[in-house]
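A.B. asks: Protein chains in written order, with numbering that gives the first Met the number 0: chain A, 0 to 425; chain B, 0 to 492.
The hints are simulated quantities; they were obtained by calculation from the structure and are not laboratory data. Misleading hints may appear alongside valid ones.
[What the hints assert, rightly or not] Simulated crosslink set (DSSO-like; lysine-lysine; CA at most 27 Å straight-line):
no. : chain 1 : residue 1 : chain 2 : residue 2
1   : B       : K401      : A       : K158
2   : A       : K235      : A       : K219
3   : B       : K48       : B       : K401
4   : B       : K448      : A       : K31
5   : B       : K111      : A       : K136
6   : A       : K219      : B       : K293
7   : B       : K325      : B       : K304
8   : A       : K158      : B       : K415
9   : B       : K451      : A       : K285
10  : A       : K270      : B       : K293
11  : B       : K411      : A       : K80
12  : B       : K451      : A       : K408
13  : A       : K278      : B       : K223
14  : A       : K32       : B       : K262
15  : B       : K451      : A       : K413
16  : B       : K223      : A       : K219
17  : A       : K95       : B       : K304
18  : B       : K415      : A       : K24
19  : B       : K111      : B       : K223
20  : B       : K133      : A       : K278
21  : B       : K293      : A       : K408
22  : B       : K262      : B       : K104
23  : A       : K270      : B       : K223
24  : A       : K235      : B       : K111
The lines below spell out each chain.
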Amino acid sequence: MSIEEKQNFPTYQDSDSTEYPKSEKEVSSFIKKFYKSNIPIELIGSGSKKKIGRSIQCAKILSLSKLSGIMEYLPEELYIKVKAGTSMQQIEVELKKNNQQLAFEPVDFGILLNEKSDFGTAGGQVACNLSGPRRFKSGSVRDHVLGFRGVNGRGEIIKSGGVVVKNVTGYDLSKLMCGSYGTLVALTEITFKVLPAPEENNTLVIHNQKIESALYYLEKSISSSNDISGAIFLPKEPDVNGCSMNIENTFKLNDLKQDGSITAIRIEGSKNSIEQRIKNLINELKIINLNTSILKTHQSEIFWDKVKNLEFFSSSKNSIIRIVIPPSEGSNLIYQFSNKFKYYVDWGGALIWLEAFELTEEMFESIRRKVVKIGGYVTMIKNSDYLPYVEDVFTINRERFNLSQNIKKSFDPKGILNPGKMYTGI
Amino acid sequence: MPKIDRKLIAKKADIVSDLKKIIKIENILHHEDELRPFETDALSAYKQKPLLVVFPENTKEVSRVLSYCNRERIKVVPRGAGTGLSGGSLPLEDSILLCLGKFNKILNIDYKNRCVIAQPGVTNLSITQAVEDKGFYYAPDPSSQIACSIGGNVAENSGGVHSLKYGTTTNNLLGAEVVFMDGTISRLGGKTYDSEGYDFLGLITGSEGLLCVITEVTVKILKKPQAVKAALIGFSSIEDGGNCVSQIIASGIIPSGMEMMDKALIHATDDFVKAGYPRDAESMLIVELDGTEKEVEELIDRVRKIAEKNKSSSIKISKNEKQRLKFWAGRKAAFPACGDMSPDYYCMDGTIPRGKLAEVLKEIRRLSKKYNLPVANAFHAGDGNLHPLIMYDANEKNALEKTEKFGADILKYCVKVGGVLTGEHGVGVEKRELMCEMFNNNDIQQQIKIKKALDGSSLLNPGKVYPILRKCAEEGRVHVHRGKTKFPDIPRF
């Protein structure tokens, strides 16, 4: 095989296989070159979420990590424009200076996937569209991207959206970018909508509830007018041999009683408003006689950071699965798992995370069938040594696959951007 | 508009007899007189009768009509309630107008999952009406909510006065059933938050009927807040009002609604509904705050202080629900009030960064003098969406052309200060040729490629949204040098 043939071979990688473009123009010329010579490329940011999605090996890696920096931040206009490789940490620090935040709550997957904290890059957040506990109230990443610039699979620089929240000029391509795992465009610039950070946040914890009553309380709270912004259930049961999820070890907080399962409701806002709403909730849920704790701002923040970053799974070597379902289906689905997995429920019942010991591909597919039947979807977030590879990391049906293929071709006709990252053939 | 297919028009009788095999005869309108009511939407300056109008009754019929039209290369223009302001459902002479008026049922109210499944012809307001007895509501509230259809809201990504806090349609939509031009029926999303894979729901929302026909929607409903209050604040200059808006936002308050009106509109609306507006003010703000009782009290107090710091000339706080609604009555009557003042008006829809308001209004005043046409301004100040209402008399020679030019100049200026062409009314036919102001050829070609990926023969609502590039060249936006265009590889059509 000649050097050129070798270089053009789809899975060939040499020591110089990673390119670090420093400008959008450079990204464009690299991709143009690869487009001409049919070389598939893997797009990465900081690599913090590289393990999510199907593992791929391409001849070239295009790291966008050098495209970094905040380009424009106008707090009173509620937006921040950044280069795609900017670290999320940097963005959040900057926003905090003005008491603002990204309301979708960026998740730190570094702890779960690489055993060290890493929020990754702005581009990575958009590519994965995985949002924190406030999702049911404030929307996900896709609801906070106002516009972007990037390079498509032909090497052309394209843009969509703008810096304003109300914009219907042309198709909303920003939405398509979210959750596309770098298979459509190499992002170079992103404009996020930002919002004021709440002055304070408190957490109302109800102890020692079973799944049905816990989900009942969560549903009642979300359906009330108390404007809650977090609704989770962390069960103590079941005990599953080989699983490491342990809530008692994760949440060692002074004001949090150690008493079985945790049903937690977050309330954010001004001090007076929070007090009033907690009072309302205790009345409306009729929990005055139950065992409860209230976490004030400082402890409440630590609590939700640990929840958001899935710290109770951090020492796990098992498969970690993410399930999204209509909220009302939560307890039924959990029953069907008949105590085989450790789990945690977020978004008031609409999001379930599983830790599965010695999971086989058949078991995974059986979970998927149950979830699809009730109108949800399943993603394998972390593989285990026991099951290091699954063919279908994401959930898709034939009809959506065909649609996705058409969309993919319109951006990346030769399929050179992250080929196979989401599905075989896309 | 795309070239008219005369041969196809000549085959009208055959087409009608083919369609009779798909849908009931009474649901096909083809006589000239029957077609007239459908010749325009709410952008009534443009009129064109379609070849014929069909009213399918279910998704299967929509699918069969589309697949027939795809096979026979017949253009299709979808239409909801016809309240669109950008000509998005303007028929073409050789097109079938596909009306979703028979899709008028709410199919499922699911309080446990906090959503409503409705057919696309259901009006926006009736979704709220269906759930308000349980204290819920549907958040996006375009001014036309009494008449506009929820399917049309999805097609246009409609907003309303509460979108700063509660988002536009795209943020409140969970799922949809759609039919593509080849007849394929697809379910996108459902009752879950987010769907995995490419966000098709996000793509079709605001796609102005170019990608698919919507046959069912699932929308999120929210519990009504415990308390709502509004403040009516007058200012002796536009600048003070604009600064007050910016400072409210910068102080960390997100009002559920924040509307601004200029003097011309304060007078017009106050004359029209006697809303008790400060008539001596140059600009006026309605700031609405919601939440718990205590929270609203606190916020109102903070807003009052910010207003005073910005030299407000008057402040009124709503004492009860009746008064709050009265504050809004004027704003909601902005369009008819202008209609009362002038034989015709033309409503524009740019969005700008909030901080640029005073600058943009100054430019609008300058243009108003230049074109010698009066203008009144309504502004969704919270989210930067500006609605200048240009008043003209269509009976005067060239008045519409002059008005359109004035409007185009305003929108170009919005883009120049970092804003966009349209915040919630859509591009339609109205702003099609202005797309080159915001997007370059790469951007537009990428969007057209998406259109082709889902509608290979460009039969669904053709001639809307995307500019006919030849026209851009004619208007001098693409530089033509010695007969050679700058981008010879781009198809001109």
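A.B. asks: For every hint, state whether the structure bears it out.
C.D. replies: A quick look at each hint next to the structure:
1. For the hint pairing K401 (chain B) with K158 (chain A), the CA-to-CA distance comes to about 32 Å; that exceeds 27 Å, so the pair is violated.
2. For the hint linking K235 (chain A) to K219 (chain A), the alpha-carbon distance of about 22 Å falls within 27 Å, and the restraint holds.
3. In summary, the hint linking K48 (chain B) to K401 (chain B) is supported, as the alpha carbons are separated by about 25 Å, within the 27 Å threshold.
4. For a cut-off of 27 Å, the pair hint linking K448 (chain B) to K31 (chain A) stands: about 18 Å separates their Cα positions.
5. Restraint check: the Cα-Cα separation between K111 (chain B) and K136 (chain A) comes to about 15 Å, which is no more than 27 Å; the hinted pair holds.
6. For the hint linking K219 (chain A) to K293 (chain B), the alpha-carbon distance of about 22 Å falls within 27 Å, and the restraint holds.
7. For the suggested pair K325 (chain B) and K304 (chain B), the alpha carbons sit about 23 Å apart, so the restraint of at most 27 Å is met.
8. Restraint check for K158 (chain A) and K415 (chain B): satisfied, since their Cα atoms lie roughly 16 Å apart, inside the 27 Å limit.
9. For the hint linking K451 (chain B) to K285 (chain A), the alpha-carbon distance of about 56 Å lies beyond 27 Å, and the restraint is violated.
10. For the suggested pair K270 (chain A) and K293 (chain B), the alpha carbons sit about 10 Å apart, so the restraint of at most 27 Å is met.
11. Between K411 (chain B) and K80 (chain A), the direct Cα distance comes to roughly 22 Å. Compliance with the 27 Å bound is thereby established for this hinted pair.
12. A hinted pair counts as satisfied when its Cα atoms are at most 27 Å apart, and K451 (chain B) with K408 (chain A) qualifies at roughly 11 Å.
13. The hinted pair formed by K278 (chain A) and K223 (chain B) meets the criterion: a straight-line CA distance of about 18 Å does not exceed 27 Å.
14. Between the alpha carbons of K32 (chain A) and K262 (chain B) the distance comes to roughly 58 Å, so the proposed pair goes past 27 Å and is violated.
15. Straight-line distance between C-alpha atoms of K451 (chain B) and K413 (chain A) comes to about 17 Å, which keeps the hinted pair within the 27 Å bound.
16. The hinted pair formed by K223 (chain B) and K219 (chain A) meets the criterion: a straight-line CA distance of about 14 Å does not exceed 27 Å.
17. The hinted pair formed by K95 (chain A) and K304 (chain B) meets the criterion: a straight-line CA distance of about 24 Å does not exceed 27 Å.
18. Under the criterion of a C-alpha separation no larger than 27 Å, the hint pairing K415 (chain B) with K24 (chain A) is consistent with the structure, at around 24 Å.
19. Between K111 (chain B) and K223 (chain B) the alpha-carbon distance is near 16 Å, which keeps this suggested pair within the 27 Å criterion.
20. Our distance criterion of 27 Å between C-alpha atoms is met by K133 (chain B) and K278 (chain A), whose separation comes to about 21 Å.
21. Note on K293 (chain B) and K408 (chain A): the hinted pairing is violated, with a Cα-Cα distance of about 54 Å set against a maximum of 27 Å.
22. Annotation: proposed proximity of K262 (chain B) to K104 (chain B) is violated, straight-line Cα distance about 42 Å (limit 27 Å).
23. For a cut-off of 27 Å, the pair hint linking K270 (chain A) to K223 (chain B) stands: about 21 Å separates their Cα positions.
24. For the hint pairing K235 (chain A) with K111 (chain B), the CA-to-CA distance comes to about 25 Å; that is within 27 Å, so the pair holds.
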